[in-house]
Amino acid sequence: MERLRLVFSGSGGQGVITAAIILAKAAVLFENKNAIQSQSYGAAARGGATRSDIIIDDSQIYFPKVIQPNVLVSLTQESYNKFAPIIRPGGLLLVDSKYVTIGKKVDAKHITLPMFDTIMEKIGKPIVFNICMLGALIGISGLIKPESILKVLKTSIPEDFMAMNKKALDLGLKMGKKEKY
Amino acid sequence: MERLRLVFSGSGGQGVITAAIILAKAAVLFENKNAIQSQSYGAAARGGATRSDIIIDDSQIYFPKVIQPNVLVSLTQESYNKFAPIIRPGGLLLVDSKYVTIGKKVDAKHITLPMFDTIMEKIGKPIVFNICMLGALIGISGLIKPESILKVLKTSIPEDFMAMNKKALDLGLKMGKKEKY
Amino acid sequence: MTEKPFNFKNYIRPRFFPHIWCPGCGHGIVLGSLLRAVHELGLNKNEIVITSGIGCSSRISGYVDFHSLHTIHGRALSFATGVKLSKPGLKAIVPMGDGDALAIGGNHFIHAARRNIDITAIVMNNRIYGMTGGQFSPLSGTGKKATTAPYSTIDRPFDVVELARSAGATFVARSTVFHANECKDLIKKGISHKGFSVIEILTQCPTYYGRKNKEGDAIQMMESYKTDTVKIGSKKLEKNPDLIQRGIFVENTDVPEYCEAYDEIIQAAMKGKA
Amino acid sequence: MTEKPFNFKNYIRPRFFPHIWCPGCGHGIVLGSLLRAVHELGLNKNEIVITSGIGCSSRISGYVDFHSLHTIHGRALSFATGVKLSKPGLKAIVPMGDGDALAIGGNHFIHAARRNIDITAIVMNNRIYGMTGGQFSPLSGTGKKATTAPYSTIDRPFDVVELARSAGATFVARSTVFHANECKDLIKKGISHKGFSVIEILTQCPTYYGRKNKEGDAIQMMESYKTDTVKIGSKKLEKNPDLIQRGIFVENTDVPEYCEAYDEIIQAAMKGKA
Amino acid sequence: MAKGKTVQHLIDKEWCKGCGICIHFCPKNVLEFDKNDKAEAIRPEDCIACKLCELRCPDLAIQIIEDGEGENEKQ
Amino acid sequence: MAKGKTVQHLIDKEWCKGCGICIHFCPKNVLEFDKNDKAEAIRPEDCIACKLCELRCPDLAIQIIEDGEGENEKQ
Amino acid sequence: MKNNNNIRFVQGNEACVEGAIYAGIEFFAGYPITPSTEIMEHLAYRLPQKGGKFIQMEDEIGSMGAIIGASLTGHKVMTATSGPGFSLKQEALGYACMAEIPCVIANVQRGGPSTGNPTHVSQGDVNQARWGTHGDHAIIALTASNHQDIFKITVEAFNMAETYRTPVVLLLDETIGHMREKLVIPETGEIPVVERLRTSVKKGVDYHPYLPREDGRLPMSDFGSEHRYNVTGLFHDMWGFPNSSPQVVNELLRHLVDKIENNVNSINMYKEYWMDDAEFILVSYGSSARSAIHMAKNRRARGIKIGVLELQTLWPFPADMVKEKCAGAKAIMVVEMNMGQIVTQVKSAVDNPDSVFLANRIDGELISPTDIKTVFRMIQGKGV
Amino acid sequence: MKNNNNIRFVQGNEACVEGAIYAGIEFFAGYPITPSTEIMEHLAYRLPQKGGKFIQMEDEIGSMGAIIGASLTGHKVMTATSGPGFSLKQEALGYACMAEIPCVIANVQRGGPSTGNPTHVSQGDVNQARWGTHGDHAIIALTASNHQDIFKITVEAFNMAETYRTPVVLLLDETIGHMREKLVIPETGEIPVVERLRTSVKKGVDYHPYLPREDGRLPMSDFGSEHRYNVTGLFHDMWGFPNSSPQVVNELLRHLVDKIENNVNSINMYKEYWMDDAEFILVSYGSSARSAIHMAKNRRARGIKIGVLELQTLWPFPADMVKEKCAGAKAIMVVEMNMGQIVTQVKSAVDNPDSVFLANRIDGELISPTDIKTVFRMIQGKGV
Ligand SMILES: Cc1ncc(C[n+]2csc(CCOP(=O)(O)OP(=O)(O)O)c2C)c(N)n1
Ligand SMILES: Cc1ncc(C[n+]2csc(CCOP(=O)(O)OP(=O)(O)O)c2C)c(N)n1
Ligand code: SF4
Ligand code: SF4
Ligand code: SF4
Ligand code: SF4
Ligand code: SF4
Ligand code: SF4
Ligand SMILES: [Mg+2]
Ligand SMILES: [Mg+2]
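Residue numbers (the numbering used here), protein chains in the order written: chain A, -16 to 164; chain B, -16 to 164; chain C, 3 to 276; chain D, 3 to 276; chain E, 169 to 243; chain F, 169 to 243; chain G, 26 to 409; chain H, 26 to 409.
In case anyone wonders, no lab produced these hints; they're calculated from the structure. Backbone N, C-alpha and C fix where the C-beta goes; we use that ideal spot for every residue, glycine too. Hints are not guaranteed to be accurate.
[Stated by the list, open to error] From the derived model, a few chain F residues whose C-beta atoms are all more than 10 Å from chain D:
1) LYS196
2) ASP202
3) ARG211
4) PRO212
[Unchecked claim] Here are the simulated DMTMM-like cross-link-like pairs (lysine to aspartate or glutamate), alpha carbons at most 20 Å apart as the crow flies:
5) LYS105/A to GLU61/A
6) LYS11/C to ASP180/E
7) LYS227/H to GLU49/C
8) LYS11/D to ASP231/G
9) LYS146/D to GLU262/C
10) LYS355/H to ASP301/H
11) LYS137/B to GLU61/B
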């Protein structure tokens, strides 16, 4: 596997950090990979744009920060504006259609999906928006097995919520798989 | 003038430290000499033997502690016992007859004077015991002018007490002058 | 009342707005009450020094257009003591978090009260350490959840009013951000009072305290300030003694203020009376 | 009462006697009362940890033949908190100077009270910093002389009883070294009380406080403890409300003790209830 | 204050964080969220200018300007 | 306690610092200073064994032993 | 392979907690402060599960006092903090040195001085760990650059605290404390755990709490057991009683310093990467070392003979080891996130101080491999 | 000759007080601790005589806070303490560094660590003065060996605090603080006194409290006057508002360090005795220097070419000056009362570190001329 550098970005309540942790954890615990997750702390994290970095690799990872991501996910306009310029040429950019309008294109595959709207329509709970995003990302890139995500969720959320989360993941997967990358 | 190294010793309430300060101050302020006074602090100062060191010289004094005094004054048995051994050969040892019984002699002039008893008899106030001791010491050694002591006292004690202090000093002087050294 | 109508724009540093506090955080309401109080007192902005420690609450000093001194955690009152004693003409206002005032800062709090130095301490009590992410505070009370109390708290809370009173504060009052107008009035009285004044204001931290303790969002928390508090001595207390009282608990003008007392020392010293 | 008659030699470290306190210093009387209290309670010396800070008063820990922890100035209660919480079977006794307890140590004092941790704090109140040579303390009161108050103090004093009460102490009492037997009884009650107990004992520092304030020698100072104090609620108060009251001000057994409350947390945690 | 006063509701939508406090506690139901979850005066005519919304807004995002008020501010 | 009890006044003169507290507060005037300013029981027969001197001695320098007391101590 | 249950994906702060649990921590007292707070948060949850005690104190000073008290009753103890709190702990930390109290103090470093840059990384407290309290003394300070190592050095910190009866400072940093990565919890026994050495002196026989045994060690007796002794922050004799005689003072102070400084080799922990034939050496520690290794790995791939010496023991500074490892290197670059604290030590240690360069960053951002490469190019005379 | 009224016979602590009064002190806050207490006792008496303010705070932390507050209202301020209190002040001292608050902190050193040896002399806090607070920073620390010099360096401490907008540490010690000797109070104007540099920016014009002028200085504006600005311990921009952008952090930290380190020559104060042809050099400071001078004077009388370099500025360490003065010496002995704190600096400074020896004493007794002589004999290969 080539080293994967991801940045998830959005705003405080959207669960991008949780999504980042779930993804990295799934890679480590259930796919025998190395992964590192980090995030911005402090004032910036409370207002403004939230950012979480993930690096996934088969071999040891030393420098833990992502300078230029292969994959950028942006769930708000502000975070898109801020981080789009740092994406690695030829990388992948995933944004949500409700929150982000693509501006000046960069050298990367741009994918806009109606993740939030789909969730609200099919499930009605914004809380699983981030899981849907993970599904979409996996659908597009296949970077990890969806089951690994479910295994992580099983250890961290109450039983009752599993069905909803699975559904959100599946909705994302379906949307994602349609996109070519 | 040769460098003079004195140690005044006794117990807490006897005013030996005050006497040391007065002597050194008199030398500095009124006899244009250099002098250093220091004392032991802390627990030892509250109980046990009090000690104050004085060095008087015409030239600059650097190392401020007295290791072997030319002059040792001891107003308690305990302090006499403790410090008599450090007296410089050929030095002077002055003790009070009420409080100190001379033991094994050292190579120094030993002078025992009834300073306390005289004060109690002639003045009745133990508080000027230390001034009497200063008088005696000056009487014996002439190391400073008695007037200089009085000048210092004038700046530091209430007017009313001057007469009593002067008397104590004089009593000491008289006793001291009788001793050859 | 001054003639000019209130406009907070005259009292803030607009560069820092929108401010950094979370949506619904009660601290912003305290800020509003404070600005109105200053306005209604007709104070000159140059005569006010606002001193704060560290915490979400302490950020308030950066938002107001007064002399502002943002210090270290828990020590604001000691810095303010230096400000006030060295230049008694200044108005010293010290907004404090509950942790800042009463955990690490408890000693300075009781000693400022004891001295009766003319400082106005506004305790912004959200019953949690907001800034560090939701640890319990000495005002959380027992049986609460916090990140450092996953099994719920066993620590009893201080009663700020009682502590301030017993330590010697000469003006002690309490209100809540639901009662924003009352807050303003109490802050006015506190600032006008000559001596150490304490105004405890219950304020919500929906992000940590609210969420952890299932107290709902900011609105629900503010509703609880309405239902769970009463004016001092209200009849409702008979039925429900657990209600929290609001109002002025101590207002004592007989005690000399510290800086004034020190001026007398200066008089004496200058006359040579040691 | 135990059968064996009291002999202080069983409770001290004779190597350090005669002790270092000045002639007439009241601290020695407190020591005597403490030893008698321990004796009458029939405590095993191995189960007592005496923790002190720094000060003349704090020297007491070196004189007693218990486990003794002589710490740093003002922090004894926090060390004792660690001792007690980590091994609740021990009796934690903390003798403190007025400066140690309420100047630098004020915060630990109010927090130990708030937690209601089972520690007995004996505040040896001589209204002065004895060890450092006679600076005023937060208990000196106004109008006193001290080396740092050559023109007399303007600092108001704390009322230890009120402060301890408002902070949450569940046992609060006061006596004087003149009333040495009463001291002993109150210390016994304090030690037996499950929770944070405070016993303030007025004690003379003839060397500094007495001398500076012309209060005479140790004897005269002890006389004043006789004349200036009364039992709580005494009739004499009507005529002379300035009299200092002695006795038990607070004795509350309804509040959970901290270590016991923590044991329940352990129970819950072991059952997996977060 | 009589109903029907002419009242301006100045709401700074950049500052408003959509907490809903003003909306919930308005005694006259004057305010509601707009589509971006920011406060908006949708029934300004019902406003009694009690200013509770202004007082309680944690973000200093609302100002209530009554007729004739604020004159001094205009220069 | 009846007057005239047989009472031993154990005074440790090394420990006594001569503060005079015991002397001053003895209800029966039993104690006085010796020539070295140390406490001494000069009228032991008047002693009522109230032990106030023992309780109040700041230097733990006095012990009052009543008849029959202290037996356990002897071994 | 490891049992899956033993694999975690956690923050560095949590790795530290798990290390402490493995080492047998029984008592924690603390006061929250970014970026160390997660240590106490996790311990609030973990300790009572094992019957241990957790207390949130009123401040950092009280926290330090509480752990010392708890250590004396016979428990393994720890506190955690960051810069401002570490400053506040200094007085009581000196007490722990003087009274020889085993305890562990984690300082997860953030930007200073003062409140500084609370949520950003720094390694600015290295010298403070050595000299923060007043008076001569010696200290042990350890650090690590990844979660597996954090776990291990935390265990070692407890071990050394017990072995040398001393406070041990764990110097972590914001980057390593907050980031998440894999941690494999070792099996019991895999890392040796040093238990407290208790006195074997029987009841009634004189126990000397401060008289070192032949092997230099000082067995302890728990408060509450048969031996009643005194503990003080004053200079003291072998029974623990205050004594200011020059001889006692002299001997005790030398003992306090020597017991650490003379064991520098036993205390020293470090790691090496491509050091065998290294012409250029990066000396680094903590999260900076990750960037150093990253950079060196890249350069190696390009054929440059560069190695990394990763320090895990910062104090007592392993001068002899550094000197030996660096002998013959063309250039040594010390990679750290401060104005040059360890570089001063390295310069004093090596034969040729002029061959030692500083590659640092102090702006709150993690130093990057590129930053190091830039310094390297300049040393090589290649410019930027 | 001096007017008799100007001659005093006082303790070193009082000489410090008189120096502070001469320098224009207006505010003091403190908490008593041996052996510094006389400083506050005298100021309690002296300050109100001049209309100044004295306050005894609840602790040392509060004292440090109070003087910072009072400095910001435009006053010259000071606090005084000893080891344990100095440790407690470290957090707020770092604040004063960060917020660039002029203030003077006297530490009259006693034996440490911990409560240590309270009434005995030591010079064990030298490194703590440099590194006691968390995070990178720089500090000025001055010392003196006699009362006339204490007076002078106290004035200089206030001057430097104002000039560099920084806390200045006065490192005295128990011997010099407590002993009495002559002090001649200089006439007004004899020692220059630096007044606070206040901004000349008029009302309504933007004032930038943290934007250094061309000459590097930062004029202040008193709280209460026209310019309302912000003071914080966070990294901050030129207006004093918190800012954690890497560029701001980097620049501010470098500014804080450079304003001191780049002025090492202006800050450096020292004295020389018989240095012209000295083959052996004693480098010393504080009360140790008295013994060094005493010993050198005696040896000179016996024809030995020995000189004394007495440091009065310890931090920033005047490495270049020391290097220059020591160039060519056969041997250098650093005389100090600690385990070797300044000797490390001297070794780094000089060309031949192997020629540097430590003559120290750590037992609470003042190091004596004989102690130094003993080391000297050993260096000369004469044994003891
Ligand atoms: C010495 C020190 N200890 C700890 C901290 C970390 N800290 C910053 S703010 C805070 C508590 C905040 O709680 P509170 O005072 O109640 O204010 P809030 O954020 O809730 O308004 C803490 C513990 C610090 N900055 N400095
Ligand atoms: C941190 C610190 N600050 C100050 C001191 C100096 N000091 C020692 S004891 C003491 C006060 C003693 O007064 P108190 O607590 O009332 O006890 P007392 O001696 O009167 O019994 C002080 C200020 C110290 N040892 N440590
Ligand atoms: S964390 Fe709590 S206190 Fe802090 S800003 Fe958010 S709501 Fe307010
Ligand atoms: S100084 Fe005061 S408190 Fe201290 S021992 Fe003497 S009399 Fe007692
Ligand atoms: S109260 Fe203020 S911030 Fe909240 S919704 Fe209304 S205008 Fe917006
Ligand atoms: S002023 Fe009163 S009535 Fe009008 S919108 Fe605000 S809260 Fe509602
Ligand atoms: S009370 Fe004690 S110390 Fe005082 S005189 Fe009597 S026996 Fe001696
Ligand atoms: S026991 Fe009572 S009566 Fe007897 S000597 Fe003592 S005080 Fe006097
Ligand atoms: Mg709070
Ligand atoms: Mg006291």
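Consistency of the hints with the structure:
no.: 1; hint: LYS196; result: holds, 17 Å
no.: 2; hint: ASP202; result: holds, 15 Å
no.: 3; hint: ARG211; result: holds, 19 Å
no.: 4; hint: PRO212; result: holds, 19 Å
no.: 5; hint: LYS105/A to GLU61/A; result: violated, 26 Å
no.: 6; hint: LYS11/C to ASP180/E; result: holds, 12 Å
no.: 7; hint: LYS227/H to GLU49/C; result: holds, 17 Å
no.: 8; hint: LYS11/D to ASP231/G; result: holds, 18 Å
no.: 9; hint: LYS146/D to GLU262/C; result: holds, 17 Å
no.: 10; hint: LYS355/H to ASP301/H; result: holds, 14 Å
no.: 11; hint: LYS137/B to GLU61/B; result: violated, 32 Å
Violated hints, listed in ascending order, are 5 and 11; each of the other numbered hints is respected by the structure.
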